[in-house]
Amino acid sequence: MKIMFVLIGSSFVLAIGFLIAFIWMVKNGQIDDDYTPSVRMLFDDGTVKKQDEEKVYKKK
Amino acid sequence: MIETLNKNTKTTCYHCGDFCAEETLVLNDKTFCCNGCKNVFMLLSENNLTSYYSIEKTPGKALKQSIGNKYAYLDDTNIQSKLISYIDHKVARLQFQIPNIHCSSCIYLLENLYKINNAVVGVRVNFLKKTANIVYDVNKISLRQLVELLASIGYEPSFTMNDINQEKPKNINRKLLFQIGVAGFCFGNIMMISFPEYFGLDNTTRHYLSSAFGYINLALSIPVFFYSGQDYLISAYKGLRKKLITIDVPLALGLVVLFVRNFYEILSHTGLGYCDTLAGLVFFLLIGKWFQQKTYDSLSFERDYKSYFPISVIKINSDNQTTTVAIDKLKIGDRILIRNNEIIPADSILLKGKANIDFSFVSGEKEPIAKELGEIIFAGGKQTSGNIELEVKKLTEQSYLTQLWNNDIFAKDNASKVETFQTKVSKYFTIALLAIAISSAIYWAVYDSSKIMGAFTAVLIIACPCALALSSPFALGNAMRNLGRKKFYLKSANVVENIANMDTIVFDKTGTITQSNESQIEFMGNPLTQLQKELIFSVTQNSIHPLSKQIAQHLNISSAIILNSFDEITGKGIKANVGGNEIEVGSAKFLNILENESNALNTRIYIKINGENVGCFVIKHAYRTGLKQVINQLTTQFKLHLLSGDNEQEKTFLQTVFPTSSELLFKQNPADKLMYINTLQGNQQKVIMVGDGLNDAGALKTANIGISLSEDTSSFSPSSDVIMDAANFELLPKYLQYCKNTMKVIYVSFCLSLLYNIIGLSYAVSGTLSPVIAAILMPISSVTVIGFTSISTYLLARKMR
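Sequence lines, in order, name chains Z and X. For the first sequence, my numbering begins at 1 and goes up steadily by one. For the second sequence, my numbering begins at 1 and goes up steadily by one.
Because the hints were derived from the structure by calculation, they are not lab data. Ideal placement from N, C-alpha and C gives every residue a C-beta, glycine not left out. One should not assume that every hint holds.
Heads up, simulated BS3-like pairs for lysine-lysine below, C-alpha to C-alpha not over 27 Å straight-line [unchecked claim]:
#1 X/K329 / X/K82
#2 Z/K27 / X/K491
#3 X/K294 / Z/K27
#4 X/K620 / X/K608
#5 Z/K27 / X/K289
#6 Z/K27 / X/K129
#7 X/K331 / X/K393
#8 X/K686 / Z/K27
#9 Z/K27 / X/K130
#10 X/K393 / X/K130
In silico negatives: residues of chain X with every beta carbon more than 12 Å from chain Z [as the list claims (entries may be wrong)]:
#11 E111
#12 N112
#13 V125
#14 G184
#15 N189
#16 D334
Cβ-Cβ distance ranges computed for the label pairs, FRET-style [said to hold, decoys possible]:
#17 Z/Y35 / X/D725: 47 to 55 Å
#18 Z/D34 / X/N387: 27 to 35 Å
#19 X/G17 / Z/I23: 41 to 49 Å
#20 Z/Y35 / X/K90: 46 to 54 Å
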């Protein structure tokens with residue numbers, strides 16, 4: 001059963017890693033704005049493709 | 001003819017979605033309502049940014065005004081330095097408040113601003129706060145050009161005196177999140193380690209495992225107690241020093257007892273301790289606290305007059321050159337130029353031009369007031385007829401309007417000293433808790449002295465009012481969110497409870513129960529011929545009476561016929577002769593006409609031409625729709641009062657709307673309103689003030705609850721507890737009812753949590769409380785209470801339509 005201590009120890013290290021990640025995230029201000037990033041990630045980079053243009057025409 | 005034409009050709013603008021009423025411009029098969037919209041489209045298509053139009057339909061906002069020299073003041077390095085948060089020899093960074101941000105397309109366009117102008121280094125939009133953080137190259141573009149660029153694509157930043165004079169202390173408090181993180185981490189790990197114990201271990205493994213587990217749990221509970229739970233301990237200590245028993249007292253008592261008993265049991269190898277209960281308790285409590293902390297970032301509940309005034313004004317120098325100066329740099333004796341639709345920044349004397357000042361926001365008077373040369377014009381009014389020149393007589397902060405803010409109520413922070421339901425209950429709860437704990441200790445002292453400490457501490461542990469402490473935050477926090485969805489924005493969740501305790505409502509008139517736009521006019525009778533229209537127009541145009549003016553405006557004819565005679569009898573009507581025709585305009589009584597219907601709901605102006613009754617103009621009061629129903633619904637539960645800055649013209653009508661018991665007062669200046677609320681409070685009444693303008697600012701602040709109505713929630717509203725969308729005025733009784741219902745939910749969930757406490761106590765008093773039972777009971781009671789409050793507040797909100 002001594003293996004338990006190794007398991008507990010390693011699970012601890014993992015959990016502490018997550019805790020540090022969480023603190024780091026909060027400090028970076030990643031949860032200050034919980035709406036805008038959800039929209040931002042949907043934007044296409046770069047130029048508008050021709051399909052987009054067509055979609056716009058069809059909508060009208 | 002014009003009207004029918006518009007109805008048939010309902011083309012909408014591709015950019016802003018407005019109907020193209022006056023002109024329709026076509027480009028690439030797309031229609032635009034004005035040149036401004038078309039130009040923005042051209043600019044965006046040149047820069048490959050037409051995704052703007054595919055993310056949301058018609059995302060733009062039409063540019064109603066030209067920019068001109070409006071932003072000349074941004075060239076002033078003094079103002080610049082106050083706005084810019086960081087600057088070096090290459091780039092500068094600053095944050096703009098942009099009220100026009102309203103959809104996903106806005107985020108797209110603003111964040112791609114660098115494609116339009118390469119001087120922009122980067123833009124970060126915060127949609128909920130309606131702000132844009134912009135970094136730009138100082139060598140390529142000036143601040144003024146940057147702002148003009150934003151304005152030219154329809155995203156005009158708003159600057160107010162507040163931005164300049166106030167330091168920005170806002171550093172978001174993230175401590176609570178760290179505390180939750182730590183508590184969550186410890187809670188999870190303690191649970192994991194405690195599980196084997198609950199399911200039982202055989203004797204050989206128990207020997208070394210359980211003591212090791214105990215020490216680990218103990219170590220994990222230290223940060224929970226000292227870091228995550230510190231606020232409860234500190235607040236309970238502070239409360240006790242002020243001789244106040246808040247909910248934090250029994251909570252802190254429970255925490256301390258838990259912590260100490262854990263140490264004792266684990267170090268003395270007499271038990272397993274309650275580390276999981278301790279960590280779970282703190283974790284749930286913090287979650288509740290976080291849930292209650294929701295705020296509406298894009299709304300400001302603490303505005304004062306400084307955010308109402310513009311930042312700068314055009315000053316005329318002695319050599320007739322104009323420069324832009326910041327308002328706080330204005331000196332007495334300066335000459336300033338005010339253009340149409342601009343706000344007078346300081347008390348001043350009219351030097352040149354035709355002044356017609358709209359004071360509706362400041363004093364509540366509905367009609368614009370004409371001022372003669374040499375007259376004093378008070379700050380805060382809005383010029384409505386062309387350019388005028390003024391000489392400053394008093395500085396902005398000393399002007400008539402802003403003096404209101406020198407009143408004491410603005411100096412002290414009137415954090416509501418109302419005793420909440422929770423504090424009221426916690427007093428009795430704590431006393432009862434201690435009584436039970438002590439009596440069970442006494443009982444065991446008599447029968448089995450080995451169980452004294454066990455029973456005593458178990459009572460304090462199991463009765464720790466976690467569920468009770470959670471019911472209020474969750475119910476109130478949920479209510480606040482639900483109300484926000486219905487456009488009734490609360491300053492904080494506690495406002496819900498305060499609203500539920502009110503018994504009196506005071507209304508402002510202009511802008512609150514009336515709509516700010518024009519009243520509607522209709523003609524009743526045979527349709528008028530063009531000649532008749534011209535005759536009536538010529539007469540009414542010459543009158544100074546507001547109703548005649550409205551009729552003239554309604555007829556909207558360009559040519560007037562010269563009058564032969566004109567006789568206006570004040571308060572009754574007009575008799576005039578126009579080109580040989582006798583025209584009489586006035587009330588039915590004045591013209592000896594018998595009225596066949598009651599006309600309390602609107603005003604009728606009758607017309608006689610050559611002694612013949614041709615009909616009447618019906619002027620509907622611009623009261624908000626559903627006013628009568630709102631008042632009827634409110635009378636059953638509240639005492640109602642009306643304070644108007646306007647004259648008594650509409651008193652008779654309002655008497656039919658308001659119940660006879662209510663007080664209707666007219667010609668009230670801002671200080672009168674404040675005093676009136678004070679008097680009501682002196683009579684032990686708990687007052688809600690519903691208002692909209694600066695003239696209500698004092699009353700809104702004094703009242704127990706200030707509700708400010710706003711046509712556009714991103715525009716200025718005086719400081720208050722609630723900001724409400726004026727379009728939803730009809731729902732006011734329902735909002736108030738919802739707050740009351742939420743309190744009922746809290747009462748019920750309080751009983752629920754007491755039930756759990758009683759079950760737990762029965763174990764505790766008998767001295768048989770095991771860590772497993774505590775560990776099960778605590779989360780279950782918390783989860784039921786959270787579930788119950790969330791679901792019932794949601795269901796109640798659905799009823800609110």
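query = Taken at face value, is the distance from the CA of X/K130 to the CA of X/K393 at most 27 Å?
reply = violated (37 Å)
Satisfaction of hint between X/K393 and X/K331, Cα-Cα up to 27 Å = holds (8 Å)
inquiry  = At 12 Å, judged by beta carbons, does X/E111 keep clear of chain Z as stated?
reply    = violated (7 Å)
query = For X/G184, which was marked as not at the interface, is the minimum beta-carbon distance to chain Z over 12 Å?
reply = violated (8 Å)
ask   = Does the Cβ-Cβ separation between Z/Y35 and X/K90 fall within 46 to 54 Å?
value = At roughly 31 Å between Cβ atoms, X/K90 and Z/Y35 fall outside 46 to 54 Å, so the hint is violated.
task = Say whether it holds or is violated: X/D334 keeps its Cβ farther than 12 Å from all Cβ of chain Z.
result = holds (42 Å)
task = Evaluate the condition: distance from the CB of X/N189 to the nearest CB of chain Z exceeds 12 Å.
result = Non-interface label on X/N189 violated, nearest chain Z Cβ at 6 Å vs cutoff 12 Å.
ask   = For the pair supplied as a hint, Z/K27 and X/K491, is the alpha-carbon distance within the 27 Å limit?
value = Given pair Z/K27, X/K491 holds - Cα atoms ~26 Å apart, limit 27 Å.
key: Consistency of the no-contact label for X/N112, given chain Z and a CB cut of 12 Å   = violated (8 Å)
message = X/K329 and X/K82 were given as a pair; does the straight-line alpha-carbon distance stay at or below 27 Å?
response = holds (14 Å)
task = Decide if the proposed pair is consistent with the structure: X/K686 and Z/K27, CA atoms, cutoff 27 Å inclusive.
result = violated (43 Å)
task = Below or equal to 27 Å on CA atoms is what counts here, so check Z/K27 against X/K129.
result = The given pair, whose Cα atoms are some 19 Å apart, holds under the 27 Å limit.
Hint compliance for this structure: hints 8, 10, 11, 12, 13, 14, 15, 17, 18 and 20 are broken, all remaining hints hold.
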